[in-house]
Amino acid sequence: MKYKLSLLLTLLSINLFSEEQLYLVDLILIKYLPDFETNEKFLPPKLDIPENITFLTEFPYPKLEINSLPFNLEYKYQDLFMSVKIEEDSDLSFSEDETPSDIESIPTLEVNKSVFEIDSAREFSLSAEVSKIARSRDFRVISTKSWFQNIKDKDAAELIFIDSNFFKGTRIFGFFQLYKERFLHFNTKLYLSELDPLFTQDERLMVGKNVFNEEKELDIYEEKNQKVLYEVVHSKKFRSGELHYVDHPKFGMLIKLSKAQKKISSPDNGLTKN
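Count along the sequence shown from 1, add 5, and you get the number used in my numbering.
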């Protein structure tokens, strides 16, 4: 009996440690607006493109078609108004042992969504930080990114390409990797480029795959009139739930990693969470 119990516990422990934990990754890409005085000289960085890149994808929400209407619709005046009724009681209900904060505290990957997929409709967990930065005269939020992924050992960890695209003439892009050893770690190499009509880049192709294992080819200089000005390389050990900062005198990145769960479909009782 003791042997069977020991064997069962061993099998369960093997399954426990082999299962990959799902995480939600949230990033804020930031540019410094003032020209801080520094003795550091910034040489134009050399752009290195690694192999085995993973591309993030956008969740394909249907596009809305907006058709123009004629000015004269021949409606009666009273037909132009809608009757709106607001119920005092919300249709949200919670048990006595549950609170809204408890239920919403664990990020959940929906059934029809995938890892490495950006969902523009999902609430961004660092929205409060974005608001604070937006009110500052010293910083500008260039972009935010958010996706789910499983974190693997270093040898199997995906190398993710992140790209803000251009916002007010500035672009932050580069490569980002999360992996686990005894602790969680991340490596990143980011570049900042700015639009320059007097400068022209040659084509620079980058090959990788998305989560659906589809091979993609991307010209990293699709916008030809840009100049890569700065580079930052950063590696750090960190914990889930902590907010970390990748720092450079000209730009930076805030990152937060949160343990998550995936909603699964059950044939018996509809949707459940594992």
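For the record, the hints were derived by calculation from the structure and aren't laboratory data.
There could be a bad hint or two in this list.
To be verified - In silico DSSO-like pairs for lysine-lysine, Cα to Cα no more than 27 Å straight-line:
#1 268 - 232
#2 159 - 221
#3 157 - 264
#4 214 - 51
#5 221 - 118
#6 137 - 242
#7 232 - 118
#8 159 - 241
#9 264 - 150
Said to hold, decoys possible - If you anchor each label on the Cβ, the simulated ranges turn out as follows:
#10 63 - 201: 37 to 47 Å
#11 67 - 45: 44 to 54 Å
#12 268 - 47: 18 to 28 Å
#13 44 - 215: 37 to 47 Å
#14 49 - 125: 17 to 27 Å
#15 254 - 174: 12 to 22 Å
#16 63 - 224: 17 to 27 Å
The structure displayed is predicted, hence computed values, not measured ones.
Backbone N, C-alpha and C fix where the C-beta goes; we use that ideal spot for every residue, glycine too.
Against the structure, test the hints numbered earlier, and report the numbers of the ones violated in rising order. 1, 7, 10, 12 and 14
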